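Protein chains in written order, with my numbering: chain A, 249 to 533; chain B, 249 to 533.
These are computed hints drawn from the structure, not numbers from a lab. Predicted model only: the values in this text are computed from it and were never measured. Check each hint, because a few of them may be wrong.
Note that the list lumps identical chains together, so a pair holds whenever it fits in one copy or between two copies.
[Said to hold, decoys possible] Only pairs whose alpha carbons sit at most 25 Å apart, straight line, appear in this in silico DSS-like list of lysine-lysine:
#, residue 1, residue 2
1, Lys318, Lys388
2, Lys522, Lys359
3, Lys388, Lys406
4, Lys255, Lys417
5, Lys334, Lys255
6, Lys410, Lys349
7, Lys406, Lys349
8, Lys349, Lys359
9, Lys473, Lys422
10, Lys463, Lys332
11, Lys318, Lys266
12, Lys362, Lys349
13, Lys437, Lys406
14, Lys253, Lys442
15, Lys442, Lys406
16, Lys349, Lys417
Residue-level listing of the chains:
2 protein chains.
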Amino acid sequence: MNIIKTKDETRAAFAQLKSQGKTLGLVPTMGYLHEGHISLIKKSRRECDATVVSIFVNPIQFGPGEDFEKYPRDTKRDIGIAEKEKVDFIFSPEAEEMYGKNNLAYVNVEKMDKVMCGKFRPDHFRGVCTVVLKLFNIIKPDRAYFGEKDFQQLIIIKKMVKDLDVDVKIIGCKTIRETDGVAMSSRNKYLTEKERMNAAVLYDTILFAEKEIKKGLRDLAEIKKECLDLLKANESVKNIDYFDLRDPETLDELQKNKNITGSILIACAVYIGKTRLIDNKVVLL
Amino acid sequence: MNIIKTKDETRAAFAQLKSQGKTLGLVPTMGYLHEGHISLIKKSRRECDATVVSIFVNPIQFGPGEDFEKYPRDTKRDIGIAEKEKVDFIFSPEAEEMYGKNNLAYVNVEKMDKVMCGKFRPDHFRGVCTVVLKLFNIIKPDRAYFGEKDFQQLIIIKKMVKDLDVDVKIIGCKTIRETDGVAMSSRNKYLTEKERMNAAVLYDTILFAEKEIKKGLRDLAEIKKECLDLLKANESVKNIDYFDLRDPETLDELQKNKNITGSILIACAVYIGKTRLIDNKVVLL
């Protein structure tokens, strides 16, 4: 496995691969790899000739007061996991290498970046889109793998790629869950034992909403209200940023019976103690 | 010469070129080609194995009330010129082909897009950056050629390419002028005979500022005031958006004696009758 720190080395390594007609899969991560990342890596290894994992805690996608500084990092452990999974390359640049001293160019996917998490993290998706486009331009992968756990991120990146004619195929991969349903996330590390136990309330509530929808109920405001009550009843839930029922393609909020076509995205962002967790599920009607 | 209208045809044609190891030069235009464009084409033909001229009057870089509708178009004439100049490909998509029905992704080069023309045309550079990045992603040129006449555009595109790690070399090319100094522009077509004559006041005033600077004068506010007076004295000058002295790399406004390092950009946007014209010169100290 080759560990690369600079853009120039990356370009040289991957130009060589390309000239041999090999396909390249990219798994962009912020490190602290877990089973979710491993499932992306495995998928890339099945579908591409070579796989690169980028490890970069991207400063510009964190807002003031968010957890950039304390975001869990363990490069040594990550390298061990990547090696075990037979990753071909790790790209782990420093922030200075990625952004230089005076970065001014940013990508926005307007409107979609203002709802759900975007409402509470105003520049988050600008930061995500910008770093992802940079990674694509540096690495030039054929395919890139993203978890459905960050559903809004996945949809926004797909939209960016489509609207800007980026020549990379975006592959969404199923959320990997613990046995109690909690979605795998590096941020789960922040939870106390009790909070970790109570964190199951996110997915439990999503499954409750799914059941209501599958029963044929379409009063989405009522379902939402019930779900908020379920969340609030949990002693570890300290704040609810949102619990939404939306169109999974446009992220538009769904109205009772109106514009519901084929599927419903159930998504939430909830503080378990001081830790902000997100989860979602797309229900096919 | 091959005239291509769709992204898919473009990708197919240029992938073939690339696989043959040929270099590709792109000259992005809004059509109505003049000597300025021809100089870009000639440079591309000297430096690249194949040259593509894109012709696309980009709706999203025009603001409400601007001249998108009446912008001069003459595709037949453009094709004749391109053929004479031995251009290999013309890419001239329809707006629907470029943007589809619900474009949401945009590129911004922040701060630099708020000054000079950006102050008076708020979404202009967002539109320029977005279409240029799309053209780069569709065509994948090795080099792209832009006139120095649109200096702010050139600098902003260079910044976008650097900050987003776009793998295209941006080549700035000298402004081509009529014998009286007026910079070639498709918009000169709007001018009456008298206005066309008086349009020389832009470059005359820039040359006056240059002379003052070359004399060693560094009271930039005073020079600017004199230049504004010169412009106002011209009977065809109906409005002055700006006449600025700036750092040609950062576009920061220069202060008397302060932070003047090596060169000064003199740039202006002036209404000659109802026609907004721009011009500039970089003075090396």
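- Query: How do Lys255 and Lys417 come out at 25 Å by Cα distance, when the copy is not named: within, between, both, or neither?
  - Reply: both (21 Å within a copy, 16 Å between copies)
- Identical-chain pair category, Lys318 with Lys266, by Cα at 25 Å: neither (37 Å within a copy, 45 Å between copies)
- Task: State whether the alpha carbon distance between Lys463 and Lys332 is at most 25 Å within one copy, between copies, both, or neither.
- Result: neither (44 Å within a copy, 69 Å between copies)
- Identical-chain pair category, Lys388 with Lys406, by Cα at 25 Å: This pair counts as both: shortest intra-copy Cα distance 16 Å, inter-copy 20 Å.
- Message: I want to check one pair: Lys437 and Lys406. Are their C-alpha atoms no more than 25 Å apart within a copy, between two copies, both, or neither?
- Response: Neither. Shortest intra-copy (29 Å) and inter-copy (42 Å) distances fail the 25 Å Cα cut-off.
- Can you give me the call for Lys253 and Lys442, within, between, both or neither, at a CA distance of at most 25 Å? neither (39 Å within a copy, 61 Å between copies)
- Item | Same-copy or cross-copy closeness of Lys473 to Lys422 [CA-CA at most 25 Å] | neither (27 Å within a copy, 64 Å between copies)
- Alpha-carbon proximity context of Lys442 and Lys406, limit 25 Å: neither (37 Å within a copy, 52 Å between copies)
- When no copy is named, should Lys349 and Lys417 be tagged within, between, both, or neither for a Cα gap of at most 25 Å? between (31 Å within a copy, 21 Å between copies)
- Using 25 Å as the alpha-carbon threshold, which applies to Lys362 and Lys349: within, between, both, or neither? Cα proximity of Lys362 and Lys349: across copies only (20 Å, versus 28 Å in one copy).
- At most 25 Å between C-alpha atoms: does Lys318 with Lys388 qualify within a copy, between copies, both, or neither? neither (30 Å within a copy, 40 Å between copies)
- Using 25 Å as the alpha carbon limit, work out where Lys349 and Lys359 are close: within a copy, between copies, both or neither. Classified as between: cross-chain Cα gap 15 Å, same-chain 29 Å, threshold 25 Å.
In terms of the numbered hints stated before, the structure departs from hints 1, 2, 9, 10, 11, 13, 14 and 15, listed from lowest to highest.
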